[in-house]
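All chains should be built: construct the whole structure from the sequences, respecting the hints.
So the sequences go chain by chain: A and B.
Take 1 as the starting number for the first sequence in the working numbering and just add one per residue.
Take 1 as the starting number for the second sequence in the working numbering and just add one per residue.
This list has only true hints and no planted wrong ones.
Just a sample of chain B residues kept apart from chain A, beta carbon distances all over 12 Å, derived:
| hint | residue |
| --- | --- |
| 1 | 14 |
| 2 | 20 |
| 3 | 212 |
| 4 | 221 |
| 5 | 252 |
Part of the chain A face toward chain B, derived, beta carbon under 8 Å:
| hint | residue |
| --- | --- |
| 6 | 324 |
| 7 | 325 |
| 8 | 341 |
| 9 | 344 |
| 10 | 400 |
| 11 | 401 |
| 12 | 410 |
Rather than coming from a laboratory, the hints here were simulated on the basis of the structure.
Yeah, the Cβ is synthetic: ideal placement off N, Cα and C, and Gly gets one too.
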Amino acid sequence: MSALRAVFGVALADFRERSRSSQLLVVPVLVAYFAKVVTVDSTLVVADQYTGVPTAAWYGGMVMGIGTTVLLLAGFPLVKGSLARDRQTNVAPLVGTSPIPDWQYLIGKWISNVAVLSIATAVLALATNVAFILDGTGALNPLPLWLPFILVTVPAMGFVGAATLCFETIGFLRGTAGTVLYFLVVLTAISASLVTSVPIDLTGIALLRDSMGTAITTQYPAFEGPIRTFAYTSTGGAVNTFRWPGLAVTQQTVGSRLPIVALTGGLLAIATVAFDRFNEPSSRVPAFLRRHSPDDMAESNDTTAQGPVSSAATSFDIDSLAPVESGEFDSVRVVMTELRMALRGHRRLWYLACIAGFVSTAVVPLQSLKTVVIPLVLLLALPVWSALGLREQTYRTEELVFVASNPLRLLSVSYVVGVVFGAILILPALVRLVMNGTPAALIGPLVAIGCLPAVALAAGILSSQPSVFEIAYLTAWYIGPMNGVEPLDYIRADPSTSPTVSVAYLALMVVALAVAVLGRRRQLRS
Amino acid sequence: MSITVSNLGKRYGDTWALRNIDLTFESGVVGLLGPNGAGKSTFMRLITTATQPTEGTVRWNGTDVSEQPRQLRSVVGYLPQQFGVYPNLSAKEFLSYLASIRGLGSADERIADLLDLVNLTDEANDRLGGFSGGMRQRVGIAQALLSDPDLLVVDEPTVGLDPQERVRFRNVLAELGEDRTVVLSTHIVPDIEAAATDIALLHDGRMVAHERPSALISRASGSVWEWVVPEDELSKVKSTHTVSTTTRRQDGVQVRVVAENPPDSNAELTEPTLEDAYLCLIGEDMSV
Chain A
1 MSALRAVFGV
11 ALADFRERSR
21 SSQLLVVPVL
31 VAYFAKVVTV
41 DSTLVVADQY
51 TGVPTAAWYG
61 GMVMGIGTTV
71 LLLAGFPLVK
81 GSLARDRQTN
91 VAPLVGTSPI
101 PDWQYLIGKW
111 ISNVAVLSIA
121 TAVLALATNV
131 AFILDGTGAL
141 NPLPLWLPFI
151 LVTVPAMGFV
161 GAATLCFETI
171 GFLRGTAGTV
181 LYFLVVLTAI
191 SASLVTSVPI
201 DLTGIALLRD
211 SMGTAITTQY
221 PAFEGPIRTF
231 AYTSTGGAVN
241 TFRWPGLAVT
251 QQTVGSRLPI
261 VALTGGLLAI
271 ATVAFDRFNE
281 PSSRVPAFLR
291 RHSPDDMAES
301 NDTTAQGPVS
311 SAATSFDIDS
321 LAPVESGEFD
331 SVRVVMTELR
341 MALRGHRRLW
351 YLACIAGFVS
361 TAVVPLQSLK
371 TVVIPLVLLL
381 ALPVWSALGL
391 REQTYRTEEL
401 VFVASNPLRL
411 LSVSYVVGVV
421 FGAILILPAL
431 VRLVMNGTPA
441 ALIGPLVAIG
451 CLPAVALAAG
461 ILSSQPSVFE
471 IAYLTAWYIG
481 PMNGVEPLDY
491 IRADPSTSPT
501 VSVAYLALMV
511 VALAVAVLGR
521 RRQLRS
Chain B
1 MSITVSNLGK
11 RYGDTWALRN
21 IDLTFESGVV
31 GLLGPNGAGK
41 STFMRLITTA
51 TQPTEGTVRW
61 NGTDVSEQPR
71 QLRSVVGYLP
81 QQFGVYPNLS
91 AKEFLSYLAS
101 IRGLGSADER
111 IADLLDLVNL
121 TDEANDRLGG
131 FSGGMRQRVG
141 IAQALLSDPD
151 LLVVDEPTVG
161 LDPQERVRFR
171 NVLAELGEDR
181 TVVLSTHIVP
191 DIEAAATDIA
201 LLHDGRMVAH
211 ERPSALISRA
221 SGSVWEWVVP
231 EDELSKVKST
241 HTVSTTTRRQ
251 DGVQVRVVAE
261 NPPDSNAELT
271 EPTLEDAYLC
281 LIGEDMSV
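What follows is the structure in structure tokens.
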């Protein structure tokens, strides 16, 4: 009973702390808008030529399919940081020295993670319900509409909650490396479930594929399954409609979720083993920056009476300090120092990868430079860009640096550092493109290294954590430059990508910088 | 050189952390005293432009610092109560960084002197990530003095320092106060006693007193009593009176109590200290 109370106590406190953040209030709005885009502005076409009669079941399945995928990716940055928050707020030493067992503390945190993600899922289902009432066909039958979310999305959110917690307990997975690994794992899982039967169907796409495939075969015997494509499209076209009865609660459907539950349990078990009760070396823990507790102060106070000290040791001629002259803000010097800070403290492997990337942009054949190499090498800027706008908060230097200088000027320096680092990474490539008489080809990469740090800066200031930009950038990188989806081809890796895409990213850069400035102003007012 | 605060107030949500503060500081060391939550740190953040007031103004030599923060930022040295450092920079690099964002010219020599002042010369090139709390506090003190400030604002500056460093820094503050304005907040009353030329007493977000230390102490005159009680009666005395200090002796415990009337038939009046005056004024304010 006391164990349950402890778990509940941890979960409740963590959930309350998160739910009172204004940043979390944005999530339901975004989720509801997403549901509107999927249900009202587009439709699902499976196997290139079939779409469902818009019944409650179809709405539920259609939104669940893409909603679970999006929440698998976006949920990671949404709930990441529950242990980091305890470090930064100095709650960590209280937890570390309390009698609560590791597993109880971690399960409490996990429940809080799942609660946040379940609320996002509930908003998604509710918005789908509203869309069905407005646009759907047939009776409002809540069960087939809500069942896909309960059966598929909620267990997937359990996995997300456990994965973030597990990654936070393992030192080298706490930062950008963990986000990249998570992204690759989820991406592989999504891709695999589209083409083959997989033991762990995280997104529920395999369930939809089999269930919808059976329904189509029944109504269109000529259809030769299985379904290979799920396209959410806004462009109309000649498609056949079929009636999909929805997912049923059968031994098979429920059983297909069990591996996810087991995986979640496994991740929690790993987290429990890896969790060191915040016993990290102080240099790696931002909380080390805390000042002494009142007890330390009292101790310091008590020591005043301990014997005399020599006058030589306690006196200092303040006039002997070298004079210093006030001058203008030395932008170059500040940029160089900021750049040095941005580049320090990473893992050795990252430095090696940056050197390899830099060299590769100088030696690979020109035709693969823009299509593959530049997008890949710019991915190495992820840890530097995702930290933009966050350093003062992470290391609690806001009051030192914002009082010392104009905070908005420092913001511009941060942005310049991001741009400069991106440019350095691909400098040989930029030079080669000019030397080979294709300066127009520079536009895409230059827009990218101008726009991506601006977006990172805005995301960092608004979200107060790096993983929001990390997931967004990785997703855009995979869908855009790697798979040629034009609106996300920020670098114009595909030669057929329209120049208007670069214009759009330039506009995005301006908007992101404006958002960053407004966000910093808001921080300063609070 | 003066800082003038008029009708200053700061609200967080529905709670006023500070309200209706009117003060003028010129050169000297102003000690800020008050219990936890009195609004001392908020006051310091407001006068250093670290945060914006909800109402009222802060003027530095007549200039409203909310409208022209640069006027103040170029002359202020600030040591916040809670601050961090960049763990991957050395002490010297960190100070150099702060010098550059302050727009200070060649500051290398001054940085070396300041590191000497705070006894960190040998650790100047070590990364801050490996520094103890006290060492980081000394880096904080050094950065506050970096620009040779006209206004120095230090919030609990001696926390984490050993007694020798504490006395040394106290002396530095007193020396700086001779021709500049120093605002010092601390719970350590002897630090205020040693350095302050003025004392501002805050309680519950309001200004309770702003006087010379001697004037403040005289307000407790006739209200401080001492007598010896048996050890087993100590807890009873503590529960019924405001006990300033206790000293164990062979014949019992000597208690020092702040009270308007004699707390015991054996109690004798004694000379008040600043700590007694503080307890007396806060007690009066609470009863009001």
